[in-house]
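*Asks:* Chains A and B supply the protein sequences, listed in that same order. Each residue of the first sequence is one higher than the last, beginning at 1402 in our numbering. Each residue of the second sequence is one higher than the last, beginning at 116 in our numbering.
Calculated directly from the structure, the hints in this document are not laboratory data. The beta-carbon is built from N, C-alpha and C at its ideal position, and this holds for glycine as well. Warning: the hint list may mix true and false statements.
Partial chain B-side listing against chain A, Cβ under 7 Å, derived [to be verified]:
1. 216
2. 359
3. 397
4. 400
5. 467
6. 567
7. 568
8. 569
Each computed DSS-like pair below joins lysine-lysine, with the alpha-carbon atoms no more than 27 Å apart [as the list claims (entries may be wrong)]:
9. A:1406 <-> B:580
10. B:472 <-> B:190
11. B:293 <-> A:1453
12. B:284 <-> B:344
13. B:633 <-> B:589
14. B:239 <-> A:1453
15. A:1453 <-> B:242
16. B:266 <-> B:242
17. B:688 <-> B:563
18. B:275 <-> B:127
19. B:125 <-> B:293
20. B:190 <-> B:293
21. B:242 <-> B:169
22. B:275 <-> B:169
23. B:275 <-> B:293
24. B:239 <-> B:275
25. B:688 <-> A:1453
26. B:580 <-> B:239
27. B:321 <-> B:284
28. A:1406 <-> B:360
29. B:472 <-> A:1406
30. B:589 <-> B:688
31. A:1453 <-> B:360
32. B:266 <-> B:239
33. B:242 <-> B:304
34. A:1453 <-> B:284
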Amino acid sequence: MTLNKLQPGQRATLQDLPQGLVRIQAVRLGLMPGTEITCVFRVNRGPVIISKNLQQIAIGQELARQITVNTQAEEGKAVGKTAERWN
Amino acid sequence: MEKQQRGGTKQKRLVLVGNPNVGKSVVFNYLTGMYVDVSNFPGTTVEIASGTYKNYLIMDTPGIYSVSSFNDEEKVARDVILEGDILLNVVDGVHLERDLFLTLQLAEMGIPLIVAVNMMDEVKRQKMELDLDALENYLGVPVIPIIAAQKAGLEELTEKLHLARPGRKSQEIEKLMKPFIGREISDVKLLLALEDDLQIDDIPDKREEIYFARRMHVDELCKTVVRYKNQKRGIGDRIGDLLLKPAVGVPILFLMLYLAYQLLGVFVAGNVVDYLEGLMQSTYEPWIQGVVSYLVPEGSIVAEILVGEFGILTMTVTYIVALILPLVIAFHLFLSILEDSGYLPRLATLLDRGFHKIGLNGRAVIPMVLGFGCVTMASISTRILGSDRERLIAIVLLSLTIPCSAQLGVIAALLSQIGFGYFILYVLIILAVFLATGTLLNRVLPGKTTDLLIDIPPMRVPLIKNVLQKTWSKSMHFLKEAGPIFAVGALLIGVLNVTGALEFLQNLTAPLVVSWMKLPKEAATAFIMGIIRRDFGAAGFFNMALSKEQTLVAMTTLTLFVPCIASIIVILKERGIKQGLLVFASCIFAAFLVGGVLAQFVA
Chain A
1402 MTLNKLQPGQ RATLQDLPQG LVRIQAVRLG LMPGTEITCV FRVNRGPVII SKNLQQIAIG
1462 QELARQITVN TQAEEGKAVG KTAERWN
Chain B
116 MEKQQRGGTK QKRLVLVGNP NVGKSVVFNY LTGMYVDVSN FPGTTVEIAS GTYKNYLIMD
176 TPGIYSVSSF NDEEKVARDV ILEGDILLNV VDGVHLERDL FLTLQLAEMG IPLIVAVNMM
236 DEVKRQKMEL DLDALENYLG VPVIPIIAAQ KAGLEELTEK LHLARPGRKS QEIEKLMKPF
296 IGREISDVKL LLALEDDLQI DDIPDKREEI YFARRMHVDE LCKTVVRYKN QKRGIGDRIG
356 DLLLKPAVGV PILFLMLYLA YQLLGVFVAG NVVDYLEGLM QSTYEPWIQG VVSYLVPEGS
416 IVAEILVGEF GILTMTVTYI VALILPLVIA FHLFLSILED SGYLPRLATL LDRGFHKIGL
476 NGRAVIPMVL GFGCVTMASI STRILGSDRE RLIAIVLLSL TIPCSAQLGV IAALLSQIGF
536 GYFILYVLII LAVFLATGTL LNRVLPGKTT DLLIDIPPMR VPLIKNVLQK TWSKSMHFLK
596 EAGPIFAVGA LLIGVLNVTG ALEFLQNLTA PLVVSWMKLP KEAATAFIMG IIRRDFGAAG
656 FFNMALSKEQ TLVAMTTLTL FVPCIASIIV ILKERGIKQG LLVFASCIFA AFLVGGVLAQ
716 FVA
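Construct all of the structure, not just a fragment, from the sequences and the given hints.
*Replies:* Here you go:
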């Protein structure tokens, strides 16, 4: 799934980021494939705010759509209803 | 950079490097004391402060996330670092994950490095533990904990400056550098070339590889260095989270706008400006007129241009000192507080979605806020936007729809005389034009809006000293850049006036104003005057007997009409003559179109 679909509180691992300048900027800010993040908040149809430990980063909606993530549910670590509710 | 200060003594260049808002300037001020030289880096608008400490020449650099070449700030930092003998890297102890990316890069450059870990009080408060010995071991350079705001640890830092040494390179970097060893090239240049930030012949671009490896090392390093005893977040963080929620953030935004209006619009643009203007007109202007009358005969063309109605030495000086300066300082003060407290990035996030509809992203909040202070200043600040397309959209919106505070004061006074309903109507019309123009440009201009990707720093109570310093440096910088432009603008208007061209323009627009907009003939004069000083235009309407409807039409047209001569020049400079003129032609057209249609409606 993509980053914009995460619910507040949900944890995920970044899978892939778009190419180009934005990829470099993301890496500098601490985001690259394999980075574990938590969705903090979503502005309705706006940016997604994620946290990585104590750091918070705002990602525009369009960009968030282009970032793929693995949720724990997808990795099979979480089970049952909680996971369903997220999806 | 010029090397003027290098001659004679063996002064070492110590370059301060760090991410934005890590307290770098506090360390800089501690080291350099009062004698600071702020200069513009050649070819950019980026300022570099320098000063001396013992036998070191201390050079500050803009806050950056890594040494690179994506924008002016980064290029300037890169060039200053290339000239450095010692690097002093200030990092935020609470945000090592973010800050160490730059630190690792600096360590790999082969230039002697020393690292100061700031905000150790905050680290403690956040119940974090930092293993700085482990960090020191990994980097291979001295690491000193400091609390810059309390001056703690700074003495130790200065005592250990001489211990700075080149840091450790990761295996990946060693491997990538290996084929080029033996060449006449410094490590720092080789590293930057491999990262595609310097162009050197056959050195390949390995940026992504290097960045990924570096990021991985930072994350690993943080696992050993940083220990979170308790993930509980402070009250500042909770306030910060609330500000991102529209239900809280939007009312707070309106509260901030109201405060800004009271402080900037009413107090500064009204009281302070009135007082200063009166003072200048009663003391300075007669004095300079007296001085000039000794040198040039009164009533001559030269005298008219120098000290006449729109004189360079009379009107322009009064305008800059009594009106522009207080407004610019007040706006920068306001913006610096918002910036240092961490409110601004949250506001940018909150408004991002709305800005996207008009082809901008959340970062455009800065030029838009500044526009209400001075459109000239705001036009210059559009340089921070991510793409040329965004800069164009922002400039069009600024020059068409945003009334600067000089104008806003008079407009508000006139509209409040005719009733609150008309004021609301005025706001709605301008807002509609703003949204329509932005949406249209977003549709027709090729390309796409860049996405928001910003770090949201923790909320902090801003340090007064830092806020004042920032305000001062930004305001002086603006004055240096825009002062001559205001003078050239006044000169131009003075020439138009004495040659009769001004009158010709007024007569040319008069029929349109009378028949199409149903305003008295003198309104044409007021519109043209608005180009000289936006508040002149609005003030001209005070003496006209206008109906309520006419006032509304006049104020709407005036707002949409081209901005003042100084903004015009800045916009021509930023956008080029062809595009600049097109922007103005469109503004004039839109102003008369909207004003006229409105006149037909309300008549």
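*Asks:* Determine for every hint whether it applies to the structure shown.
*Replies:* Hint by hint, here is what the structure shows:
no.	hint	result
1	216	6 Å, holds
2	359	6 Å, holds
3	397	51 Å, violated
4	400	50 Å, violated
5	467	5 Å, holds
6	567	4 Å, holds
7	568	6 Å, holds
8	569	5 Å, holds
9	A:1406 <-> B:580	43 Å, violated
10	B:472 <-> B:190	31 Å, violated
11	B:293 <-> A:1453	34 Å, violated
12	B:284 <-> B:344	31 Å, violated
13	B:633 <-> B:589	43 Å, violated
14	B:239 <-> A:1453	19 Å, holds
15	A:1453 <-> B:242	17 Å, holds
16	B:266 <-> B:242	21 Å, holds
17	B:688 <-> B:563	24 Å, holds
18	B:275 <-> B:127	15 Å, holds
19	B:125 <-> B:293	33 Å, violated
20	B:190 <-> B:293	26 Å, holds
21	B:242 <-> B:169	37 Å, violated
22	B:275 <-> B:169	13 Å, holds
23	B:275 <-> B:293	32 Å, violated
24	B:239 <-> B:275	24 Å, holds
25	B:688 <-> A:1453	42 Å, violated
26	B:580 <-> B:239	24 Å, holds
27	B:321 <-> B:284	16 Å, holds
28	A:1406 <-> B:360	18 Å, holds
29	B:472 <-> A:1406	21 Å, holds
30	B:589 <-> B:688	20 Å, holds
31	A:1453 <-> B:360	20 Å, holds
32	B:266 <-> B:239	17 Å, holds
33	B:242 <-> B:304	40 Å, violated
34	A:1453 <-> B:284	26 Å, holds
Hint compliance for this structure: hints 3, 4, 9, 10, 11, 12, 13, 19, 21, 23, 25, 33 are not met, and every other hint is.
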